[in-house]
Structures are given as structure tokens and as C-alpha cells.
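S.K.: Sequence:
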Amino acid sequence: MLPLGKIGGEVLNKIILRNIDIEDPKVVIGPREGFDAAVVEYDGENYLIVATDPVLGVPEEHFGFFTYHFAASDVAVFGAKPRWLVVDLLLPLGFTEEKLAGIMKELNEECRRYQTAVIGGHTGVYTTIKDITATTTAFGLVKKKELRLPLAKPGDDIIITKGVGIEFAVGVSYFRKDELKGLLTPAEIAKLRGMYKLETVVPDALTVRKLARGMHDATEGGLTALHEIADNSDVGFRVYYDKIYTPPLVKKVLEAFDVNPLTVSSTGTLIIISPRGNSRRIIEELSKNGIKAFIIGEFTEEKDRILVKNGGEEFPRFESDAYAEIY
5 MLPLGKIGGE
15 VLNKIILRNI
25 DIEDPKVVIG
35 PREGFDAAVV
45 EYDGENYLIV
55 ATDPVLGVPE
65 EHFGFFTYHF
75 AASDVAVFGA
85 KPRWLVVDLL
95 LPLGFTEEKL
105 AGIMKELNEE
115 CRRYQTAVIG
125 GHTGVYTTIK
135 DITATTTAFG
145 LVKKKELRLP
155 LAKPGDDIII
165 TKGVGIEFAV
175 GVSYFRKDEL
185 KGLLTPAEIA
195 KLRGMYKLET
205 VVPDALTVRK
215 LARGMHDATE
225 GGLTALHEIA
235 DNSDVGFRVY
245 YDKIYTPPLV
255 KKVLEAFDVN
265 PLTVSSTGTL
275 IIISPRGNSR
285 RIIEELSKNG
295 IKAFIIGEFT
305 EEKDRILVKN
315 GGEEFPRFES
325 DAYAEIY
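Residue numbers (the working numbering): 5 to 331.
Among the hints, erroneous ones may be present.
[Said to hold, decoys possible] Computed cross-link-like contacts, DSS-like style, restricted to lysine-lysine with a CA-CA straight-line distance of at most 27 Å: (1) LYS85 - LYS214; (2) LYS10 - LYS256; (3) LYS214 - LYS181; (4) LYS147 - LYS109; (5) LYS147 - LYS103; (6) LYS195 - LYS181; (7) LYS149 - LYS201; (8) LYS109 - LYS195.
[To be verified] Label-pair distances were calculated between CB atoms; the ranges are: (9) HIS126 - ASP246: 44 to 52 Å; (10) ILE24 - PRO320: 26 to 34 Å; (11) GLU101 - LYS201: 22 to 30 Å; (12) PRO320 - LYS134: 31 to 39 Å; (13) LEU21 - HIS126: 25 to 33 Å; (14) PRO58 - ARG117: 38 to 46 Å; (15) GLY294 - ALA191: 37 to 45 Å; (16) LEU8 - TYR244: 39 to 47 Å; (17) VAL312 - GLY61: 28 to 36 Å; (18) GLU306 - LYS134: 43 to 51 Å.
Derived from the structure by calculation, the hints contain no laboratory data.
In this text the structure is predicted, and so the values were computed from the model without any measurement.
Each residue gets a CB set at the ideal place from its N, CA and C atoms; glycine is no exception.
Construct all of the structure, not just a fragment, from the sequences and the given hints.
M.R.: This is the structure in C-alpha cells:
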């Protein structure tokens, strides 16, 4: 039986990719572990970046925000500004026009912010849908010389933005709010709920796309995405546990729910692969845009994946998604 959440690399390679065999010469990067978007030849100067993502298990009050940002983030990490969206909205029985209008207004706010056009999609109400669900496909163009791939070289710094665990903690504040009583004050819970706006890497990636070597968002599996980067780059890495930032309110929630900050789904946290000479400037540019960033380690020529904590241990791999269990 398949586990909750996004399938792992073994199932992807053994079942999904093994049953896809039509190739197209214009596809530069197709379905591949560790790459969350496709790269397609567009014209002599540009690549077309295409990414698709489901939207479910998020606060309904902000469904429009996530409908934009999940797929748009995957396009942005390849160095492309999200330009077009196709949106499929599947609604449960009883869903009202007022709720649908709220979703569309919020989605349009994000489209206006980034000048992204919705160019098609589908909306319907179905008896088999119990909770609102969407699938968004985002498209963007990037100049060929500015394409950013999640690949590293020995000596590159590992930088993360915002901190880890925000997605999980925000989810708890919406779906299991009562369990935070006694742990957080009402004001702290309200502040945590407002942090949903951090669950995007579009502004992060667009800020540093010309300075970073590559980027990857820390969605399902969190920082274990470093394994995918290392596998595809033929490098190792060393991460310093005490340098991994977790926002204070988020840290309280992770500890209360006994969730590992290294493996928790962390949508909104951008992993930046930075040539060492660019790291300071990357952090400065992000800071100018109100985004915190932290150097947590480096990629190494040796193939070991080390977590420096109490002397050193092997960096964990993704096993299950704690976020999938809270809603």
C-alpha cells in the first residue's frame, strides 16, 4: 500500500517513469526525481518552464493564495517568472458561489502581484469530492543562459529562507487549533495563522535567481530534498544542526507534536545552492525584500551526507509526511 503524501523516488522510478516511454526532442528536462518542473525548448533564446501541483489540505480561507503559489513556486525555482496558469477546481456538493468568488478574488490578487495570466482551466461540483481540491499548472519563460537547475558543486553553500516547519505549524493553527490552547496565546495563534503568506518561494526565487547556482523548495520531505540535489549532482553535503533556523512559534508547535524539523514539509522554505562568493550578497538581497536567510552548511566533494550534531551523524531521509496527518 502506498503511504500518505507524495510518492518516494523508488515508486516514481519503478512504476511511474517506467510506464512513460514517449519522448519529444524539444523536451530538455522531463519527469525526473528531484526536478519539480519540466524544461522545454521555446525559441532560440528561451526555455518554457512547466510545473503542476495539487492544492488540497490547505486553509479554505486562503485557497486562492495556494492555488497560485504551489505551482508558481516550482516555476520560479528554475529562474522563470510565472507567466501563465491553468487551474482545475473540483468542488464538493453545497459549495457556494460566494466561496468560489472568494477563491477567485484571492487568486486574482496573486496574479496581479506577479502579472500572471490565467489562460484556461475547469471548474465543477462533484459528489465524489469531499473537500475542495485544485490542480494548477504554471508556465514561465526563462532565457537559456539564466536557467537554474537544482544542481550543486563542491564548495557551494546551502542557504535556506525563512526557516523550516512553517507549513506544518500553520496547518495545525487552522485544522487543530484547539490543541494549541495552553501552548500558545490567542494572539500567538492569530500570528501563526497569518504566516500562511510565507508559504511561497516565488519572491525568494525571483530575488536571487541571477545569483544562485540553483534552487529547490523544501516541500514534502523538507530538508531531505538535499539528498535529491546531492544524488543528481554527484556530491555530498554537510549540514550544521544548530544553524537551521525555526521561527520561535513554529518551534513550539514542532516540539509539542514531536515533529522532526529536518524532515517536516516546509513549503515556503527555499533551499538555495550558492557559489560561496555569492552567499553574502544573496542574504543581503533577500533581507532588502524582508526575507530572512541562513547558511546552514555546504556541499562537499566527499559523497557523505553529514548532519553535524553531537559530533556528526548521517542526515535523515524522508519517510512519511507529518503534514498529511493533521487535516
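S.K.: Determine for every hint whether it applies to the structure shown.
M.R.: Hint-by-hint comparison with the structure:
no.: 1; hint: LYS85 - LYS214; in the structure: 12 Å, holds
no.: 2; hint: LYS10 - LYS256; in the structure: 26 Å, holds
no.: 3; hint: LYS214 - LYS181; in the structure: 40 Å, violated
no.: 4; hint: LYS147 - LYS109; in the structure: 31 Å, violated
no.: 5; hint: LYS147 - LYS103; in the structure: 39 Å, violated
no.: 6; hint: LYS195 - LYS181; in the structure: 13 Å, holds
no.: 7; hint: LYS149 - LYS201; in the structure: 31 Å, violated
no.: 8; hint: LYS109 - LYS195; in the structure: 23 Å, holds
no.: 9; hint: HIS126 - ASP246: 44 to 52 Å; in the structure: 48 Å, holds
no.: 10; hint: ILE24 - PRO320: 26 to 34 Å; in the structure: 30 Å, holds
no.: 11; hint: GLU101 - LYS201: 22 to 30 Å; in the structure: 26 Å, holds
no.: 12; hint: PRO320 - LYS134: 31 to 39 Å; in the structure: 33 Å, holds
no.: 13; hint: LEU21 - HIS126: 25 to 33 Å; in the structure: 27 Å, holds
no.: 14; hint: PRO58 - ARG117: 38 to 46 Å; in the structure: 22 Å, violated
no.: 15; hint: GLY294 - ALA191: 37 to 45 Å; in the structure: 21 Å, violated
no.: 16; hint: LEU8 - TYR244: 39 to 47 Å; in the structure: 30 Å, violated
no.: 17; hint: VAL312 - GLY61: 28 to 36 Å; in the structure: 33 Å, holds
no.: 18; hint: GLU306 - LYS134: 43 to 51 Å; in the structure: 49 Å, holds
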